[in-house]
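Engineer: Protein chains in written order, with the UniProt record's numbering: chain U, 1 to 400; chain V, 1 to 393; chain W, 1 to 241.
You may find that some hints are simply not true.
Stated by the list, open to error - Here are the simulated lysine to any residue pairs, SDA-like style, with alpha carbons at most 25 Å apart:
#1 V:K391 x U:G119
#2 U:K358 x V:T221
#3 W:K33 x W:T19
#4 W:K118 x U:D75
#5 W:K118 x U:L331
Unchecked claim - Okay, the calculated bits of chain V under chain U, using three or more residues with CB under 8 Å as the criterion:
#6 47–61
#7 78–92
#8 242–250
The set of hints was computed from the structure by calculation and includes no laboratory data.
Don't be surprised by glycine CBs; every beta carbon is placed ideally from N, CA and C.
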Amino acid sequence: MISLAGRDILHGWGKFVLTGVGLGLLIGVTLSMAGVYRGMIDDAQALLDNSGADLWVVQKDTLGPYAEPSSLNEDTERPIRAMAGVDRAAGVTYLTMQIAHRGKDVRVMVVGAEVTQPGEPGQPPYLMAGRRIVQGHYEAVADVKTGFAIGDQVKVRRNTYRIVGLTSRMVSSGGDPMLFLSLKDAQEAQFEKDADAIVRQRARTASSPALNPPGNPAVAEAVNAAQASSTNVNAVLVTVAPSADADAVAAAIRRWQRVTVYTRAQMEEILVDKMIANSARQIGMFLVILAIVSAAIVAFIIYTMTIGKIREIAVLKLIGTRNRTIAGMILQQALGLGLIGFAVGKIAATFWAPFFPKYVLLLPADSVRGFFAVMAICALASLLAIHAALKVDPAEAIGG
Amino acid sequence: MRIALPQSRRALLLVIVLAALVLLLGFVALRSGPLAPVKVTVVQVEERAITPALFGIGTVEARFTHRIGPTAPGRVASLAVDVGERVEAGQVLAVIDPIDLDQRIAAASGSAGRSAALEAAAASQVADASARLALARSEAARGEELFRGGWLTRAALDQRRQALAAAEAALAAAQANRSAAVQDRGRTGAERAALQEQKANLRLIAPRAGLVVRRLAEPGTTVVAGQAVVEIVDPAELWINARFDQTRAGGIAAGLPARIVLRSRSDTPLRGAILRVEPVADAVTEEVLAKVSFDAGAALPPIGELAEVTVGLPARERTLALPNAAIHRIGSAVGVWAMRDGDLEFVSLKLGAEDSDGWVQVLDGLARGDQVILHSARPLTASSRITVVDKLP
Amino acid sequence: MAEGIRIENLVKTYGQGDTAVHALRGVNMSVAKGEVVGLIGPSGSGKSTLLKCLGAVIEPTSGRMTIGDRVIYDDGWKVGDLRALRRDLIGFIFQAPYLIPFLDVTDNVALLPMLAGKPNAEARKEARDLLEALDVAHRAAAMPSQLSGGEQQRVAIARALVNRPPVILADEPTAPLDSVRALAVVDLLNTMARQFETAIIVVTHDEKIIPTFRRLYNIRDGVTVEEGPAGSLGSDGAGKS
């Protein structure tokens, strides 16, 4: 027996392949949408992974540092460092801001981390180019997505920083690329006001009798000094010694330091379940609709292909072709279309994924799932066409 | 023969298209996404002389700052200098309004005159009492003789004796009176001298030659004791109060050369040296403080300007070195991913000093010519598949 | 000559009761193997219905049909698988060739034996032999769309013959052809009928070829009237045998 489906495809292969490519682009969009969804979740995971922390110590009763503002004194880390089970602890600051670079604004998350020793929590775990920050000040490591290049000078608040290294996949939970500074620089960037604000603040201090009592000018100076300096951090990242239990260490810190401590699992819950849940659901909804639309389009394509062959099907039936053979032909064509579509879609999605502004993660497992979904959808979609083909009366082939 | 001959060309085309698609799919599946090999760049361990450098920031400060103000509360009467003016040692900078000081000096002078008059009166009383005593003494002596001769009654003799005692007492009283008057005169004189001294202190005098940098009160302002009215610095003596990160400040010492970049002149670095390392570090900011002096001949910057200071520490001998981007920490081990027969292996290292270009001394763990991973597009593990490329990204 | 197909008292009624349409009211036909007969009749005479009943596409209401010595209908189908029946016992030739456009000439012909379960090589060999016999072997590798109308019709005939069916039903096979080609087709059918021992029923209203039939069945109001030899009825009288 010859393969009727194969012969039919061969006969009009150009049309068939083009239809498959068209379908493939649609599947590519669907896969990309899944990739966008995975990318969002992965952004949140990457934020946690790249921080290198096991525990997040934040201001008491806040969901900080990513979901809520949190502020701690920098020296909070010192007693924590001394606690049993704690391997390392380092303060870290996060600040999302806009940076003007070559005439356009780049939205970045400025991260202040301990940079002097490799492997401190909070610093980028690997570099794609350049070097680590060596000088304690005015050097920065940027995520490649910022578009900064090594040697670029970027201005953060009042200081200019030189990009000395590039890293990748360092993003905030919102997908903003990170710019790493030394902790002190970042504190300055975060808590320092612009010059105008400082001058106005000084004027306010000077006009307040409580802060500037007559006859004692030293008070105002002290107040100004106190306002200008800050040694706060947003969180202290803690790594736990290999033998210690993270939950137990977290409980100890919570009890003795009177701060809020989150473990990795809790942080993931905050980021994934609380912060990006809605946008993820939005994308998920869109994904479902796209899948349905794709399925409908496959169904229509296969139905149209079949209806175009209705006379041949009638002749085939009249000369004794079995229903099974005809249904098999339609099903094979649908699956063939699905195969081409999936391949084209996967390739297309892979090639256009890097051009998305935010991270698109195409998981192999998703591709496999997508493959079976496409095949199932094609098989289902062909049912409509098979139904139509089986309804064809062989008598139609005979005139009259 | 599944495919008939006339269709073979058609079939061939379709097969080519499908094969291309399958190849591309395979490529895409293996070369992108999580299954793709990690792109890395490698570097060879080489010998290099490391010149560690220390980077700090600080502000330009004057070495001596004189904040000059009155020692007693008062109102500023006049200011002789303005910001930016140069002053000489001993020059009057400002005068504080004396208010009633002159009147008090006049009053003190008046009371001194009265004391002198009182003293003179007391002296003449002493002379008078002495004369009276002499008279009483001679009359008493004559009375004794007359009594012995019987020429005088006993009662008359007692009278003369009593007169002598009274004259003695009168003299003692006059003498006491006189010494009191002398003391009073000394007190009023001192009082006047004190007021005059105070008047002299109301003139604010420059203790040394310098530049007026701040004028903190205007005439008419009432100032408290110790409040500065004028600030003077010596512009020839500026230094930088620099702060260095404690973790790297190991080798810092007085005398080390420093390169100073001023905010306003970032293209023309100045030369200087560490003058002294402060014995007390800042415990809050975890920084070591040091004073950095400018070398002679440099045009000096405004006080308070931000400066970046790079201190060159003594160069180490040529040793094995690596760029710091290659260094990672796994658990408690610091090391690098080394390429051993095409496989990745994490090698723990003992590291030394680091220079300002990011080269780190390798003290132990690697040999010259060893290949280590420098940059990678993703984090590495021992089981990562890698492709070596020339350049990332 | 052995009997190819015999129809006795075939009745087909569409609908029931008052609205019933009696398409066939008792048709009797008999065609011997190797014989070509014409089936003529005006529109609405029941010609199409008869053809569909013969083709086992619709079910008659009553009567009896025998192909060869096999009773296929006797007030009900006597075979379970009508498709196999059509495939194995009946060949079809249509007004248009209706070749399968995505199969080449050989496979168009070889499809039927393949459907019947023959190995591809054998089926193709049979097809090529038949194409040889029909003088279109040189186009064996062509696609149907590359053939002329006459060539297509020959391939269609080959397809009808390939399973050596006892009966071939030809539905207006000459309608789109000019008279020379139409007569050539009839000649061919005659030759094939003899060569392959098959009974051919040609449904036609093509005046050009009606005179060529030795026997004609004229169907009117659902009843066949056997006529012939041809020419006795011919409207133009120019019969030939």
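Engineer: So, for every hint listed, does it hold in this structure?
Structural biologist: Tested hints:
no.: 1; hint: V:K391 x U:G119; verdict: 24 Å, holds
no.: 2; hint: U:K358 x V:T221; verdict: 63 Å, violated
no.: 3; hint: W:K33 x W:T19; verdict: 39 Å, violated
no.: 4; hint: W:K118 x U:D75; verdict: 89 Å, violated
no.: 5; hint: W:K118 x U:L331; verdict: 24 Å, holds
no.: 6; hint: 47–61; verdict: holds (count 3)
no.: 7; hint: 78–92; verdict: violated (count 0)
no.: 8; hint: 242–250; verdict: holds (count 4)
When each numbered hint is compared with the structure, violations occur for hints 2, 3, 4 and 7.
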